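K.L.:
Residue numbers (this note's numbering), protein chains in the order written: chain D, 1 to 95; chain E, 1001 to 1514.
None of these hints come from the bench; they were simulated from the model. It is possible that part of the hints are untrue.
To be verified - A few chain D residues that face chain E, going by a derived Cβ cut-off under 8 Å, partial list only:
no., residue
1, Asp24
2, Arg30
3, Val33
4, Thr41
5, Val44
As the list claims (entries may be wrong) - Which bits of chain E does chain D cover? Going by a derived footprint, with three or more residues having C-beta under 8 Å, they are:
no., stretch
6, 1035–1041
7, 1086–1093
8, 1097–1104
All of these numbers come straight from a predicted model, not from anything done at the bench. Heads up, the beta-carbon is just placed ideally off N, CA and C, and yes, glycines get one too.
Residues per chain are reported as follows:
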Amino acid sequence: MSLSEPQSDPQNIPEGGAAQSAEDDLNELREAVLDDWLRVTSSVTDAVREMQSTLSWRITRPLRLVRMVQRKVDEFGVVPAAQLSAAAIAKRLGR
Amino acid sequence: MPRVDTTELQRALRARLVRVAATLGVTVGDTSTAAEVLDTLSRSVASSHDDRQVWLLHIGITGIFPEPDDLARLSRALVLSTPATAMISALEGTIQAGSRSFSALRSIEIVTGEVLVDVDFCARWEHNTGIQRVVRHTVPEWQDDPDRPHRLVAWTVDNSGYVPLTERQRDRVLHWNDRRFEKVVDDPVTNAELETAAILVPWESTLLLAEVPADGVCPEIACLAADSPNTVSAIGYDAIPLISADTLPNAESERFAHYLSVVKHVDVVAGISESASDEFRGFVDMLPSQGVEGPSVVAVSLATEVSEIARRAVASVVVDPKEPPIILSVGSHEPRKNQDAALFAAEVLFREGHDFRIVFIGGGSRQATYRFDRKVAELRKEGMRVESHRRLGDEDLWSFFARARFSVFASLHEGFGLPVAESLAFGTPVLTSDFGSLDEVAAAGGCLQVDPRDDEQIVAAMRTLLTDDVALSGLRREIEGQTQKTWKTYADELWQAAVVPLAPAAASATESLR
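Work out the full structure: start from the sequences and follow the hints.
P.N.:
Right, here's the structure in full:
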């Protein structure tokens, strides 16, 4: 609603118009909430991306590979995890 | 930098929600915005009070499969909402799950009324022992069979949804002995690939868990089994990590306990032997204390045949009559496999002056093999012919089966006992245990059975098979008359037991939703 528009007397607004106005407001609110939700959820993953590009993230990569193997042991068991190819780690290290 | 423009995210979300709406029979306008579609859907799902619909809505909003906690959070948020606030409640109920994965740009394909076979580990890893061998023998039997249409699926690397297999992954599952691609490790999945993955969502479908799922996906599968309109069946390999926890690292038992949180919600467990089935029946018997019915358990015994390639390889081996008799022990190296007892028995016979060669084949962790390998080295120094091979190719393995006088597999606990079945299929008599699944496999004949906890019995049986040609010939005759169960037969029986009975249940779920 622009300031130049004539101000209506609320008493004279037809009931259907008020309902429509409220519905429009609600729709606007829903759009805004969804937009915020998308920004929030993607900002968390964006933050992960940013962290992954930092120097500290890159230099701790070998440590995380060790953690990865430990996780595989937890997930798949000792025998399969122990036999996970060294090539997998080499590949992660980009060698 | 955080995204400032959400247009792309809105477009991906809307596309997912439109598919969910179509599946749930909710009408949405062609020109509706993502928020309008979500509003319409949220109102409809909230009014349904149906967790199956909540499950699908969760995937539509987040692009990831919910865990039980995620589903409860969304379901309760919707129950507390009014029609006007349903959409906001839906977003509130999914913000946690939506933030934990790179999934905002994902697309979904809702797979309705089909069969999906989860072969995640076999698809992703170049590892081939017990379970993987079963999967890689069985699943190829269903390929191109018009009566058994199905899709092979694996998990995203962050365990958040099913994806179809890549060609390389299909090769690992379907062509293990006849590879189309070089054996290499998959490239790491990038965040961008993860974020734009095309997720397969089963709906009123049947999911067959051909493997024991990894720990990380158990909550998602448990939720799918308990709260989606899908039916789930599983191959029941064994309950060794619980029943024989004393022989395994603690992590294995903990992992298996989480797997049981899936098993209690599935519809059918097809045990690989009567013995393994009894273990799962025992678990089901414990479930009334939780008010859970649990799956029906049927036994579908594994195949006992070996591949044509292996048979040909064995047939072509020329046995050197001057070679000392070979005793073969095949199996991954773990305490419950009882290789220590077999080595002890061999040492006794060596000190008695018998001339033979004993060969152990099978991988194992350093923790499991270190002490054993040291003992082997000590005995070799004393002149005993003993070998332990940790990494041996199939060709060499088959060659040993062809040349062995007999094999030893006196395991303390097995789900089936493939090394016994394989030995018999190659015509090689077996010294094995006298209970559990090994007793079932040995019932075909060709085996000398012992109590594997009794060293003296193992020594005596090994001595008999080493020195008594008449006894050995008797076992060989028993083997000659045997017909091996084929993998095709096993695959047929498994489909009949684990897939066919669940199809009507999927159909009835459709009816109740309408």
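K.L.:
Compare the structure with each hint and give your call.
P.N.:
Against the structure, the hints:
{"no.": "1", "hint": "Asp24", "in the structure": "12 Å, violated"}
{"no.": "2", "hint": "Arg30", "in the structure": "5 Å, holds"}
{"no.": "3", "hint": "Val33", "in the structure": "5 Å, holds"}
{"no.": "4", "hint": "Thr41", "in the structure": "4 Å, holds"}
{"no.": "5", "hint": "Val44", "in the structure": "4 Å, holds"}
{"no.": "6", "hint": "1035–1041", "in the structure": "holds (count 4)"}
{"no.": "7", "hint": "1086–1093", "in the structure": "holds (count 3)"}
{"no.": "8", "hint": "1097–1104", "in the structure": "holds (count 6)"}
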